[in-house]
Amino acid sequence: MDFTSLQFCAFDLETTGINVNEDRIVTANITHIDPITGHVDSTNWLANPGIDISPQATEVHGISNEHARQHGRPHDDVVQEVATNLTTAWNDGKAIIVYNAPFDLSMMTALTQQQFQVGGLVIDPLTLDRALSFRRGSRKLVDVAKHYELPVDEGNAHAADYDALLAARIAWRVLRRFKRQLPSTIEDLMLYQSNAYRRQHESLKKYMESKGTQISGDAGWPVQHSVTTGN
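Heads up: the sequence shown runs through residues 1 to 231, numbered per the UniProt record's numbering.
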């Protein structure tokens with residue numbers, strides 16, 4: 001199967017922090033991309049999360065507590081609309097593109113008390129890049145984009161709409177470059193990414209423990225096990 005011919009639905013969240021079980025959405029974007037025509041249809045959400053945005057998160061995405069409270073929509077409404085849009089995209093046969101899927105999709109699962117479920121193909125360009133391109137250096141979104149010779153506007157980085165579209169472009173490059181190394185069915189591509197992420201997580205965990213440091217999250221992909229099991 002040529003995955004680059006699929007309709008893409010890129011997805012990104014910017015949040016109050018990095019705890020998928022406790023933090024909330026600040027901004028969200030879903031961008032539909034037709035790889036044949038190049039047509040792009042993008043929807044943005046700004047939520048009032050109802051809790052404080054951590055200073056570290058504000059430094060990343062630039063949204064202050066004051067701005068979110070004044071201009072953001074009710075958080076639960078945003079969560080429901082994003083979940084509905086993602087589910088509709090899967091029902092329409094689209095591939096959901098999300099950079100570091102276990103963060104964004106785990107948060108969606110937690111925020112909906114597991115009512116949101118992965119319902120189709122997920123393509124995680126971060127997991128695929130780590131599995132297929134062995135190199136030193138940063139795996140941040142903009143740095144990976146540069147590796148695949150994509151133009152980058154670092155002034156827009158960490159805006160949900162910009163990050164979603166850039167992730168989709170990386171995914172397309174990865175899928176095309178490594179087509180022969182990748183499985184040919186949706187089911188096998190999902191399993192490939194799940195196994196790759198587990199190995200990556202276990203390797204990082206072992207390395208960090210050797211340095212006396214713990215890492216957050218677990219080896220579940222595309223949703224962390226702790227979110228689906230409560231453990």
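Just so you know, the hints here were simulated from the structure itself, not pulled from any lab data.
Fair warning: this is a prediction, and the values are worked out from it, not measured in the lab.
Keep in mind that a hint or two might mislead.
To be verified - Below, simulated DMTMM-like cross-link-like pairs (lysine to aspartate or glutamate); rule was C-alpha separation at most 20 Å, straight line: (1) 94 / 41; (2) 94 / 2; (3) 140 / 59; (4) 94 / 188; (5) 179 / 52; (6) 94 / 34; (7) 94 / 154; (8) 206 / 218; (9) 140 / 154.
Going down the list of hints, with the structure as the test:
About 14 Å separates the Cα atoms of residue 94 and residue 41, which keeps this hinted pair within 20 Å; it holds. The suggested pairing of residue 94 with residue 2 holds, with an alpha-carbon distance near 13 Å, which does not exceed 20 Å. Simply put, residue 140 and residue 59 have alpha-carbon atoms about 16 Å apart, close enough for the 20 Å limit, and the pair holds. As the CA atoms of residue 94 and residue 188 are separated by approximately 16 Å, the hinted pair is consistent with the 20 Å bound.
Pair hint residue 179 plus residue 52 does not hold up; C-alpha atoms about 43 Å apart against a cutoff of 20 Å. Between residue 94 and residue 34, the direct Cα distance comes to roughly 10 Å. Compliance with the 20 Å bound is thereby established for this hinted pair. For the hint pairing residue 94 with residue 154, the CA-to-CA distance comes to about 28 Å; that exceeds 20 Å, so the pair is violated. For the hint pairing residue 206 with residue 218, the CA-to-CA distance comes to about 12 Å; that is within 20 Å, so the pair holds.
With a C-alpha separation of about 12 Å, the suggested pair residue 140 and residue 154 falls inside the 20 Å cut-off, and the hint holds.
Hint violations for this structure: numbers 5 and 7, all remaining hints satisfied.
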